[in-house]
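Residue numbers (full-length UniProt numbering), protein chains in the order written: chain A, 1 to 234; chain B, 1 to 334.
Be careful, since some hints might not be right.
Each computed DSBU-like pair below joins lysine-lysine, with the alpha-carbon atoms no more than 30 Å apart [as the list claims (entries may be wrong)]: (1) Lys152(A) <-> Lys229(A); (2) Lys54(A) <-> Lys105(B); (3) Lys105(B) <-> Lys78(A).
Which residues of chain A face chain B? A partial, calculated answer using Cβ under 10 Å [unchecked claim]: (4) Tyr13; (5) Leu52; (6) Leu53; (7) Asn88; (8) Asn98; (9) Gly102; (10) Thr105; (11) Tyr169.
Honestly, the hints are just simulated from the structure, not real lab data.
Here a beta-carbon is modelled for each residue, glycine too, at the ideal position from N, C-alpha and C.
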Amino acid sequence: MALLELKHVVAGYGGAPILNGVNMAIDQSDIGVIVGPNGAGKSTTLKAIFGLLKVTGGTVEFLGESIANSLPDKLVPKGLSFVPQEKNVFTSMTVEENLEMGAFTRRDDFSETMQWVYEMFPVLAEKRRQPTGELSGGQRQMVAMGRALMSKPKLLMLDEPSAGLSPRYVIEIFETIVRVNQEGVGVLMVEQNARQALAFASKGFVLAQGQNRFTGTGAELIADPEVAKSFLGG
Amino acid sequence: MTELVFFINQVVISGAVLGCIYALGAVGITLIFGILRFAHFAHSELMTSGAFFAFMLAALFASWGIVTPIPLGFVVLPLAMVMSAIFALGIDKGFYAPLRKRGAKPVILLIASIGVTLMVQGLIRLFFGAGSYSFFENETKDIFRIDLAFLGSTRPLVITEPQLLMIIVTVVSVLALHFFLTRSRLGKAMRAMADNPDLAQVSGINTALVVRVTWIVAGALACMAGTMLALDVTLKPDLAFNIIIPIFAAAIVGGLGQAYGAIAGGLLIGFAESLAVFNWTMVLRPLNAVLPEFAQLPATLSLVPTEYKLTVAFVILVVVLLVRPTGIFKGASS
Ligand SMILES: Nc1ncnc2c1ncn2[C@@H]1O[C@H](COP(=O)(O)OP(=O)(O)OP(=O)(O)O)[C@@H](O)[C@H]1O
Ligand SMILES: [Mg+2]
């Protein structure tokens, strides 16, 4: 049984469906990377999984249990976390308060998890009392990831975590994602830096017009001449 | 010295009292705006109905022969605040929540709140008539006169017991609110939701619970403001409706959604109104002795005649919005 399994998912924003049968399976040991052209439905897929828009067909299962159309306050305690692409930090709150909000659904002592997050992102420990709005783009992305990790998720979903970052930060964020995965958190992410991300992906999905075009390991997709030509810029 | 004491009595004390009431009302408006994104016009009615709850409780206590060292209005305040919080929750559940569920725009909620204003005022008039009531029908309003003769003042410093208690109660409440917003899990969740509602939802924050907590806090503080206003002046059905403009101005001047901004805005407008209507002749009268006949000071010399006091809030509002469109404490724009 996969950690997360999507079968023929159909979903949209109320009008015509955007997703027309998306299939995906992710294990807790996986890093899954979704690539595809603009408007393909990559973000929509993550939002549909996270209950932010209506799933009208197919099944979404997490740990073998249907979670289609469950809301985040039910999904987060089950072990699912999501970092949206934009506006993914509470800018008026301090770094530490952002992390605390990630642990809102937990009623146990989360100080150990916070320690874990600070070890992963040492720069955040230094800035724990600073308003997040004063941080650089790369540091904000770390706060956003840290916030999502505070619920101790089994699966972390990230929408374009490297968007708008300088090449140095892109590498740093990708390294952190690999490390988070090594510590036992499954990852499902959308990436525009497709080639770079597929290089460390154990599962790759090429999405176009709301459907899977190609599915394989990251290496397989990079090696596939058709994928390379149509979706990875040659 | 006598003139300075007069100035303190007229401007500082009355400004502080007015400022406290505006601040407590404006905090509720700003919290509701931050969480639910609409201007809660009916906030004045939460204040007035809160004062009537306190009045009924005080009358009940008095009828049981309970006598307290401080005015009964203050003793029953915590109970009245609980009643007001429940009332505020009920209004939300009955009128605003169904509209939100259908995705109503903020302007629709604003208009609904105007409807709630008329309805609550109508209900109060139905039960209590249009007359005014005093909390001090059976109690005496203690007035402290602090003799400052040793400083060379022929006037004492005058402050009534309700005024003194009001300032103390406001300071304590503001501190409590500060600790709630910065230390407690729910208080922080409230700030998170005001900052970024979508991310609050994504984080798994129970947004429905945060909405309820917001009404509880706003309703309780409105009751406190209304009751204290009624203790300072008199209780009538349009008690707080008459001051809803300066209260909204305070919330906007402070930056909508900013709790500390609303408190600062409330105090600013409270002091400004007292200062604007202050009669300078009372202080400057000694000058008449040296001034020539034709330049004698008029009997009243104030920036704004008392009956135009309401314009003060507007002027401050316009000036602040021109200089800093987001309010003093950078709140939500527009
Ligand atoms: N909130 C929304 N309401 C209605 N339609 C939307 C909404 N968000 C996205 N869409 C539409 O859904 C389609 C897929 O959008 P989506 O954001 O999933 O694309 P994407 O693959 O993430 O693209 P990008 O690379 O630009 O992020 C697009 O045609 C878009 O116009
Ligand atoms: Mg996208």
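* Against which earlier hints does the structure fall short, listed by number upward? -> Of the numbered hints given earlier, those the structure breaks are 1, 3, 4, 6 and 11, listed in rising order.
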